[in-house]
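Listed in order, the protein sequences are those of chains G and E. Taking the UniProt record's numbering, the leading residue of the first sequence gets 1, the next gets one more, and so forth. Taking the UniProt record's numbering, the leading residue of the second sequence gets 1, the next gets one more, and so forth.
Source of the hints: derived by calculation from the structure; they are not laboratory data. Ideal placement from N, C-alpha and C gives every residue a C-beta, glycine not left out. Among the hints, erroneous ones may be present.
Stated by the list, open to error - Cβ pair distances, simulated, as ranges:
| id | chain 1 | residue 1 | chain 2 | residue 2 | range |
| --- | --- | --- | --- | --- | --- |
| 1 | G | K416 | E | I546 | 49 to 57 Å |
| 2 | G | Q557 | E | A303 | 31 to 39 Å |
| 3 | G | E757 | E | V169 | 55 to 63 Å |
| 4 | G | G694 | E | F51 | 19 to 27 Å |
There are 2 protein chains.
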Amino acid sequence: MKTIKDNIKEIEMDQAFHQAIYGIEKEGLRVLNSGELSLAKHPSELGNRSFHPYIQTDFSETQLELITPPLHSIYETNRWLKGIHDVTLRTIPKDEFIWPMSMPVPLPEESIIPIADLDNQDAVAYRNHLAAKYGKNKQMLSGIHYNFELDKEMMRQLYLNQKDYTNLVQFQSFVYLKLARNFLRYRWILTYLLGAAPVVDSSFFKNKKCEMTLPEKYIRSIRCSHFGYANSEDVSISFESVEKYVENLETAVNEGKLSEEKEFYSGVRLRGTKKAREMLEQGISYVELRIFDLNPFSAFGIAEEDMQFIHLFCMLMIYKEESATMAEVEKGKEMSDLVALEYPFDTTHYHQEGIELINQMIKMIQETNGSRDQIDCVQQAKDKLEKPEMTLAARMIKGIEESGDYVSFGMKLAKKYKEESLEKPYIVRGFENMELSTQLLIFDAIKKGITVEILDETEQFLKLSYKNQIEYVKNANMTSKDQYIAPLIMENKTVTKKILASKGFNVPAGEEYHDKSEAEKNYWLYKNKGIVIKPKSTNYGVGISIFKEGANFDAYQSALDFAFKEDSTILVEEFIEGTEYRFFVLDGKVAAILLRTPANVIGDGKQTIKELVSEKNKDPLRGTNHRAPFEEIQLDEIEQLMLKEQGYTTESIPKKDNQVFLRENSNMSTGGDSTDVTDSIDESYKKAAVEMTGIIGARVCGVDLIIPDYNHISTKENPGYTALEANFNPAMHMHAYVSKGEGRPLAMGILKMLFPEII
Amino acid sequence: MKTIKDNIKEIEMDQAFHQAIYGIEKEGLRVLNSGELSLAKHPSELGNRSFHPYIQTDFSETQLELITPPLHSIYETNRWLKGIHDVTLRTIPKDEFIWPMSMPVPLPEESIIPIADLDNQDAVAYRNHLAAKYGKNKQMLSGIHYNFELDKEMMRQLYLNQKDYTNLVQFQSFVYLKLARNFLRYRWILTYLLGAAPVVDSSFFKNKKCEMTLPEKYIRSIRCSHFGYANSEDVSISFESVEKYVENLETAVNEGKLSEEKEFYSGVRLRGTKKAREMLEQGISYVELRIFDLNPFSAFGIAEEDMQFIHLFCMLMIYKEESATMAEVEKGKEMSDLVALEYPFDTTHYHQEGIELINQMIKMIQETNGSRDQIDCVQQAKDKLEKPEMTLAARMIKGIEESGDYVSFGMKLAKKYKEESLEKPYIVRGFENMELSTQLLIFDAIKKGITVEILDETEQFLKLSYKNQIEYVKNANMTSKDQYIAPLIMENKTVTKKILASKGFNVPAGEEYHDKSEAEKNYWLYKNKGIVIKPKSTNYGVGISIFKEGANFDAYQSALDFAFKEDSTILVEEFIEGTEYRFFVLDGKVAAILLRTPANVIGDGKQTIKELVSEKNKDPLRGTNHRAPFEEIQLDEIEQLMLKEQGYTTESIPKKDNQVFLRENSNMSTGGDSTDVTDSIDESYKKAAVEMTGIIGARVCGVDLIIPDYNHISTKENPGYTALEANFNPAMHMHAYVSKGEGRPLAMGILKMLFPEII
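All chains should be modelled from the sequences, with the hints used to inform the complete structure.
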């Protein structure tokens, strides 16, 4: 029989062998500031648990289950774990935290522990059954389930390159069963390294159905020992073949030893079908590894290096020549229990076998052209075999002793993790490299249980699914709900103006010119007016001349030349006096109005401008490169020139309450401030902005209006505004975080436009 | 009282004074090859005359009235006149022509001349009244109406800079009445220069109500003389004031001298309101100048230089110090009649006044900073005063004598004009600088009476209006009917593939990579397959490597480097064998399928490749720079290399029927051929293309499928195609004109999608 190792080598599948699909399910209790279990309902803002793909409840109403989608890399899996945590941590009540350990906080009377209040009454009944059979306390243990699938194409190619199995399903079952048995045989090393449940409040075992006494004050993992939850002794399921696995499982259910197949609390479950029986035909698609305690040193329950080690361990379980028998599996269970019960600072009983396993892993990595990182990862595990104080359990004990007790220690970590999540509320960790507006959308989508798939990360292209509906979104608000022609209209300033003017909206008077002589001929139109001369297509201030008081013919000509240098088409427009506001129109309503102010500091009579700028830049809402809602104020040439014109240098000390501007332009990208004025501006302007958007045919639009006095009521005959432009794909994040006034979160509005059903 | 001249000078309105809005209405008989009047119905393809903005019928069913929209320049007006002519000439039956002269062809019995068959029964009744009163023959005279409006802003500024009139409406009436009276006083010079109705078939005057004898065999203009149509002598309308004009007109109607106000056949009509009376309040907006004969030497009835001369003449009529009295207007009428009746080769009776007028025009042009062109235009008129043989009437006589009679001469011109229009059926003259697909759309829109406004010419941005509906169109098929997200999906090849694949459509297997090492790790996926390695974003063949038989690792690595040089993201895709077809999907149906073939020539055993290419390039459907449906075949480096690889040079003589390819790629832009295969390809592929378009959410889409055998029926399980890409804004012109098979005009389909009501 050809070994998998030889098969991989023969057809050069080494790189393929390193690939996998991962999925993490992470349980975690909601706890209060006091270290008590929260008894509050699952937050309604998190949508409906019945089909929420990311945020569910496990046994208890206050036991969160966070779920990552199946992903092709550990990096991806980790980012989703981060993102889902951010959504959860920012949505649960202010005084709630996610308990970072597998062993629960001291629990209240069993009767008070709330069972998850699910729509599905069968699921509730199942939980009641578990409570009755194992006691609620045991069900409050939390852990990580690690789902692991090998590359399908590799599986197919390995299958084709062997003769022992005559169909792919059988071959696949052979591989996964080998993995399962070997995993169960050698799982003790994972218990040693990752076991992280050394202690629990004594009340835990005093509750009925759990009455036991631990052998030591601290062990490696209560949860992974026979004190954790396990099926009764009479449940015995074979991993020898799929047939036996299915048969044993069905018998256990039929005999009432298990209420349902999913009550089988094994370290490994074979997965891929709804019912085990279906596996006989369809085969095993992946395995679910269920032995992992929460790593309290990771904010997300499992560290990236732990995920990598588990992956390499699984690879070895497949790669190994020998395949454990069921007797060895049984032995493995005992070995793991023994390790779980060891005192964490002791060298493990199976140290020698551990070193061998590590050496085998290193050899496998070398033989399959693995990476330096992988070697390092395994090497660290080896170090931990030598130094038990480096294991999770031992490190926890140090922390617990320092803090006084495990609850204080756990709460310290829980609070830290929540604080870290709240520090930059405008980003979704894991997705920081995407645009802020897209992060806002991802956040709200995850929150409401809309399935998010990133189709193209650099292009900000998302696929959103909810129930049976699919919507594609680019850059957070480019969707199927807008007409194709609308952004094309907005992109073209002349066309926008013509269309708005044709419907009686007030736009700056002006014309487009393709050659200078044409523009010269029309000088008479402008000679006594304030005008702006600018290239048609650029938007960044290049080639623009502004004559607030009008231009003489010479100046006019020079300005034409200046603009024509930048573009073959230029615009000559009336200069409009007044303040510019951005109206964010969403689906027929003005969802937000923003006033942007140029970069500035306000004097305190003591600090220099340089110091004031530096202080202002410390705000966590300020950053660089569009990674934060506000950009840091610079002190470059332009700013210094602007200061000079006002008689300042960067070392000047402005008087108390004096506002000093460092820029002329009010763009957020050059350090500007913002004020939300949504509720201040007269309705007549909102009506005009909505009507303009309608004329253009847009549902999402940023309308820039100049309004000298927003209390004056605007009418068709006497409009109080001039419309400067309409912007497609308007920025959303700048409305969500403002310097003054109320932030307007717009992403949920976009989601509601796409999926009117969401609540 | 301040003169207009002084007013213009004082406030430097000279350039504004040169500006105007123009509109041309041009009548013309439909005639047969034989030179007889066509008796056929107005073509139903031209939509509904009840509201057609461009193509109407005048008195007779076979008397076309072509109308330009109001436009700001002579250049614009002329292009519309050309375009409307192209649409008309290509839509009327094959054996019909547009008679190029004001005087009709020999007419049939009056009873046979068909009156326009309009929906509006009042309009039919009015025409019956005219027939009874003036005889049908007189109504068959055709001419040009020239509508002329001064710049409104200039009018406002001139008004503000004077004290004689206390409201703008009165001032405006003063200006237009001055223009009208002076125009009527000096119109004779236009009769002299532009009179073009020297002769008519003798039967014309033998008909009842027209019995007259001309003083000479040839005169300058029968139509402009008292032999043309004129109101009865007792209709006398004053141009002294708006009040008198209105009063006289209403009296004439009340006394039955005119059946309606519009029966007033004056050389000038005051315009701007539906009923004359409304002008008392609203004022005169523009004037309609009605004296112009068709210029048979222009394919469009009036030459651009004639339009310019008329404009300058009108300017002078306003600019002149003196303002004609009504007595002078009466004199002017007699003078014009006299000139109309002169023998065209004679010096005109009013030669001296003519020279003075011309000198005044030159002076005016100089004083108002006019152009060299304008001086030249006026100078030519001066030459014609000296040399009567240069006038239109005289030139016509020469032509008539050469051809034998005026009908032969007119038919020769009519045929020439139609031929010119048909020579390049893929362009709309006047709009040649726009994209071919946009020209196709403009053509069909004009044809169906959809109002076309060019919002941005270089950007191919159109506004289309039909009844109360407005639609904006960019690049011929980017419209409000497509979703914004659809083109964004198509623009991103990876996203398109992911979406299509997720719905079970067959796309080339492959992955996107952001760095080389990632791609190297996946080499195992490709090593035994044909693959294509290419940069993600470029589409022009740069950085692409094709390994039809698979690549070894070294070649694979080099190809990765090659692609990464062009883009930070690259694609490695399965190479698909087979022929590529473009499916044009429009509104849920496959409207056309095209097979594109690389540039090639077919040998005749005699000519060299160079000669064959040159011959092939003579096809009027071939051109350069995308100005024709096919591009000329080049003989540059790439083509020569391609020939060399086949053992040819440009001087080789291929055997008869040997097809020699000059390019590997089948793009139309490099001289490729095309074959329409819409009807050949199995329905199952069309269904797949339509379904893919639906998944993307597009209504207009160019789907590129590779199909090895298009007779094989494609199924979900066993698809006969691989979808390469979906294209937004797919080219339409390449389907309309094909090398082989049936052309598929798609523009009408776009219009029907936009305006389902059109017929």
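Each hint tested on the structure:
For the pair K416 of chain G and I546 of chain E, the beta carbons lie near 55 Å from each other, so the given range of 49 to 57 Å is met. At about 34 Å, the CB distance of Q557 of chain G to A303 of chain E agrees with the hint of 31 to 39 Å. Checked against the hint of 55 to 63 Å, the C-beta distance between E757 of chain G and V169 of chain E comes to roughly 59 Å, which is consistent with it. The beta-carbon spacing between G694 of chain G and F51 of chain E, approximately 26 Å, falls within the hinted interval of 19 to 27 Å.
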